[in-house]
Each structure stands twice: as structure tokens, then as C-alpha cells.
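Chains as they are written, first to last, in our numbering: chain A, 1 to 244; chain B, 1 to 244.
There's no promise every hint is true.
[Claimed, not checked] Sample of chain A residues facing chain B (criterion: CB under 10 angstroms; computed from the structure):
(1) A9
(2) K40
(3) A57
(4) A74
(5) S76
(6) N80
(7) P84
(8) E85
(9) V89
(10) G91
(11) S93
(12) T238
(13) F243
[Claimed, not checked] DEER-style ranges, computed between Cβ atoms:
(14) A81(A) to P230(B): 17 to 25 angstroms
(15) T189(B) to G179(A): 34 to 42 angstroms
(16) Y244(A) to R150(B): 53 to 61 angstroms
(17) P84(B) to A29(A): 54 to 62 angstroms
(18) D162(A) to P134(B): 40 to 48 angstroms
(19) G179(A) to P212(B): 32 to 40 angstroms
(20) E67(A) to A214(B): 28 to 36 angstroms
(21) A158(B) to K40(A): 42 to 50 angstroms
(22) A73(A) to L94(B): 58 to 66 angstroms
(23) F132(B) to P230(A): 37 to 45 angstroms
(24) L72(A) to G178(B): 24 to 32 angstroms
(25) T148(B) to V20(A): 49 to 57 angstroms
(26) P25(A) to P84(B): 21 to 29 angstroms
Treat the hints as calculated values from the structure; they're not laboratory data.
Remember, predicted model here, so these are calculated numbers, not experimental data.
Where a beta carbon is used, it is the ideal one built from N, C-alpha and C, also for glycine.
Number of protein chains: 2
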Amino acid sequence: MPVVKLVLAYDGSRYAGWQVQPNGPSIQAEVERALSALHKAPRRVTAAGRTDAGVHARGQVCSFPEEIPLPLAAYSKGMNALLPEDVAVLGASLEPDGFDARRSARGKRYRYRIESRGTRHPLSRAFAWQIFRPLDPAAMADAARRLTGRRDFAAFQAADCDSHHAVRDLGRLDVLPGGETIEVVAEATAFVKHMVRNLVGTLVEVGLGRRPPAWAEEVLLSLDRKRAGPTAPAHGLTLDEVFY
Amino acid sequence: MPVVKLVLAYDGSRYAGWQVQPNGPSIQAEVERALSALHKAPRRVTAAGRTDAGVHARGQVCSFPEEIPLPLAAYSKGMNALLPEDVAVLGASLEPDGFDARRSARGKRYRYRIESRGTRHPLSRAFAWQIFRPLDPAAMADAARRLTGRRDFAAFQAADCDSHHAVRDLGRLDVLPGGETIEVVAEATAFVKHMVRNLVGTLVEVGLGRRPPAWAEEVLLSLDRKRAGPTAPAHGLTLDEVFY
Chain A
1 MPVVKLVLAY DGSRYAGWQV QPNGPSIQAE VERALSALHK APRRVTAAGR
51 TDAGVHARGQ VCSFPEEIPL PLAAYSKGMN ALLPEDVAVL GASLEPDGFD
101 ARRSARGKRY RYRIESRGTR HPLSRAFAWQ IFRPLDPAAM ADAARRLTGR
151 RDFAAFQAAD CDSHHAVRDL GRLDVLPGGE TIEVVAEATA FVKHMVRNLV
201 GTLVEVGLGR RPPAWAEEVL LSLDRKRAGP TAPAHGLTLD EVFY
Chain B
1 MPVVKLVLAY DGSRYAGWQV QPNGPSIQAE VERALSALHK APRRVTAAGR
51 TDAGVHARGQ VCSFPEEIPL PLAAYSKGMN ALLPEDVAVL GASLEPDGFD
101 ARRSARGKRY RYRIESRGTR HPLSRAFAWQ IFRPLDPAAM ADAARRLTGR
151 RDFAAFQAAD CDSHHAVRDL GRLDVLPGGE TIEVVAEATA FVKHMVRNLV
201 GTLVEVGLGR RPPAWAEEVL LSLDRKRAGP TAPAHGLTLD EVFY
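Can you make the complete structure from the sequences, with help from the hints?
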């Protein structure tokens with residue numbers, strides 16, 4: 001059976017996360033409502049990653065098998081007419097039988113935006129963690145280099161993460177300085193829950209000068225969640241791309 | 001009397017514009033409310049530019065004379081605690097007697113963001129004019145070069161603009177391509193009402209291939225508002241900086 005693959009972008013600000021849940025609106029529910037309206041029958045989708053409440057996406061991917069798919073324009077233009085303004089389909093394609101947005105993914109890239117200036121800034125308030133003290137991006141980059149590779153990320157795993165283990169291959173953890181803005185780009189085959197936000201919280205401790213860069217690796221090696229920095233706020237995080 | 005100068009940033013989405021007016025909330029009213037609370041007495045401010053409804057700022061400037069100014073931190077940290085989250089003071093300074101945010105300004109820079117892709121995009125919906133067809137930035141840049149200098153911009157002036165004449169010195173009108181995003185940067189000693197939005201609307205006609213680059217100069221020379229392109233939507237425009 002052919003599989004429909006959708007690339008999605010969303011502003012996660014007003015959602016309780018990707019996944020359908022009782023305590024608030026979810027992006028998944030919006031997508032399934034629009035798809036079901038198009039097909040005039042219920043449809044369920046699988047997503048590459050279940051983004052947390054408040055997390056954004058410019059390249060989330062979801063998929064569902066469909067015996068006789070609609071013309072692809074129905075999944076882009078048609079969906080975009082039905083979805084709320086904070087969710088959109090950027091592209092639609094057909095994949096062979098067996099494709100699954102989650103299981104077929106080879107990796108994902110997340111982007112975390114930090115801003116450092118003396119005051120809050122209204123224009124990026126929904127898309128960046130605004131920190132009112134100076135950060136040292138070189139120290140953050142030094143710390144980040146110590147965390148890449150195939151490692152056990154238990155120290156950066158949310159307490160309620162349901163993964164059996166936390167060994168992941170973090171191929172890239174780059175700290176990109178740009179004046180008042182610092183972007184952290186993380187690429188891995190897979191992530192444990194809150195991994196990027198916990199890594200960013202730890203890098204920021206180093207950037208603020210509270211800890212030396214070597215401390216980040218001590219945290220990693222400790223496998224102890226209590227030693228890592230605070231979880232960075234969700235609204236700075238964007239799921240950038242999923243690789244297949 | 002010393003003059004307090006404030007540099008402001010705001011997300012103009014939910015405002016009827018800078019200026020206090022009967023038909024909706026204004027940024028000026030928010031700023032004056034916060035200032036009056038700080039001073040425990042009414043305060044009125046003058047701004048460098050009266051931005052339209054929906055227009056944003058990252059460098060608006062306002063000022064007011066003050067016999068005995070508060071410590072500057074009161075105008076930054078103090079104001080930011082009182083202002084709504086879509087308005088902020090980025091900096092405060094004291095200027096000599098006679099300074100006025102509007103009359104003392106030597107020039108202003110605006111930035112207009114256009115995005116061109118096949119679909120709408122939720123993450124920039126409040127800050128860019130999203131156009132669902134391809135644009136030719138080279139043709140737009142060609143047209144823009146024909147519009148700079150000291151010229152009569154009557155063709156790009158809003159019908160209800162109360163300026164006596166429309167001669168302005170447009171020092172810079174750059175079209176900066178960046179993949180799916182095109183930024184138009186306009187710098188002038190002063191602007192007539194809707195000038196940047198009318199210039200952008202005209203450049204977009206050229207970018208869409210509906211008109212050749214030379215047409216933009218024909219519009220300028222005609223002095224006829226009816227010949228220009230449509231007024232570009234307000235939410236793509238940001239007042240970037242005011243020069244003194």
C-alpha cells in the first residue's frame with residue numbers, strides 16, 4: 001500500500017505538543033482532523049518526532065498508508081486551507097509500502113535559539129530563550145565538542161522518558177554565534193526525551209561562566225540527570241529536518 | 001531641560017499603530033501608561049515615526065523632556081516590567097535640551113521581509129509577506145536602483161498623507177535575496193506615508209514578472225499614485241533604526 005508523507009511546519013506556542021492528549025490542543029489532532037475531512041473518513045498519522053508543548057517545527061514529517069491516495073495537491077493546498085494558521089503542510093510525496101515517518105527516519109536535526117542582551121525583545125519572544133546576561137559562545141562550543149559521538153546520554157534524559165537506554169549517536173552539536181543570537185544545532189540518529197533542551201541548559205551554564213567547559217563532559221559521564229543544567233525552555237527549540 | 005530618549009522594539013500585530021487613536025490599542029498609549037506609572041504623573045512622548053497598524057519596530061525612538069529624570073535603569077528595567085510582552089524598551093539615554101525624537105532624526109531605516117515559496121509558513125506569518133509564486137530578486141534589485149536619490153515620491157504616497165510635498169531623499173533601496181526570503185532595506189532622511197509599503201508593492205510586481213524593471217521608474221516619474229503597485233501588507237515591515 002502506498003504511503004503519504006507530509007512535511008509540516010508549525011508554531012508550537014499554543015499547543016500541548018505534537019501528540020494527541022487530553023490536556024490541550026495538539027498538532028497531531030489538527031492534522032488528523034484536516035486529513036479526515038479531506039478523505040471524508042478518519043485518518044491517523046505517525047510523526048518522526050513527538051515534539052513537546054511549545055516546541056516548533058519547520059520540517060516535522062508525518063505519514064500514513066493510503067490505498068488510493070488523493071492527488072498530492074490535496075495534501076498541500078487542500079490541507080493548508082483546512083489547517084489553522086499556525087500549522088502548515090510544506091510538501092507532500094508518495095513513499096513505497098512500509099515507509100513510516102518514525103521508523104524509517106535515519107536522523108533528525110534540531111535548532112535551538114538563544115538571545116543574549118540586556119533586555120527582553122518582543123519580536124523573538126516566541127522563538128528564542130532570552131537570557132539577560134552575556135554568554136561566552138566559545139566556551140559553549142568547547143563544551144559542546146566534548147558531548148558528540150556515540151555516548152550514553154542518561155544525564156540528559158527526562159525522568160519520564162520511556163526509552164530502554166539512552167545511548168544515542170550525536171553526530172553534531174554546533175554552537176553558532178551571531179552577535180546577540182546564539183544557535184545550537186544538534187543532529188543525531190535519535191534523541192531521548194528533552195535531550196536537546198537538557199544539552200542546551202548545560203551549555204548555557206558554561207556560557208554564563210558558572211562552570212568550565214570540561215564540566216559538561218563530567219555531567220555526561222556521570223549518567224546522573226541531577227548533575228546536568230536546567231532544561232532549556234521549549235519555545236527556543238525547532239525541529240528543523242528529518243533525514244531518510 | 002534634559003530629554004529622555006528611549007529605543008523601543010515592538011511586535012505591532014495587535015496594535016492599531018504607534019499613535020494614540022480611538023479605534024484600537026496603540027503602542028504610544030502603552031508607553032505613556034508605563035511612563036506615567038513610573039513618574040506617578042502623566043507623561044506624553046514624541047516618536048521618530050508613527051508606524052501603521054501591524055508594523056513592527058526594533059529601533060523606534062521616542063523622547064520627552066523631564067526636569068529631573070529618574071535613574072536610567074528605571075526607564076529600561078522599570079518600563080519593561082510595566083509594558084506588555086509585545087513592547088519593550090531596549091535602551092534609555094539622556095539627551096541635551098531641545099532634543100526631539102522626531103525633529104532631531106537625520107534618517108530612518110526600514111526593513112521589509114518577503115517570503116516566496118509554494119505554501120504558507122506558520123513560523124513567519126506575523127513578520128513576512130508570504131507570496132506563493134516565484135520572485136526574481138535580480139529584476140527587483142534592478143527596479144530598486146532606479147528609484148533611489150532625491151526624488152518626488154508622490155506616486156508612492158498614501159492618498160491621506162498630510163505632507164505638503166513628497167520630495168524625499170531615498171539613500172538606499174536594497175533588495176537582499178536569501179533563498180526563500182527577500183529583504184528590502186530602505187533608508188531615507190524621511191518618508192511619506194506608506195512609502196516603503198508602496199515601493200515594495202511595486203518591486204513585487206516586477207519580481208513576479210508582470211512589469212519590467214524600467215516600469216518602476218515610469219511610475220515614479222508619473223507622480224500618479226494610481227500607477228504604482230498595491231500597498232504591501234503592514235506585517236512585513238519593521239522600523240529598524242533611527243539615525244541622529
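Hint check, failures only: Checked against the structure, the hints that fail are numbers 2, 4, 11, 13, 15, 17, 20, while the rest are satisfied.
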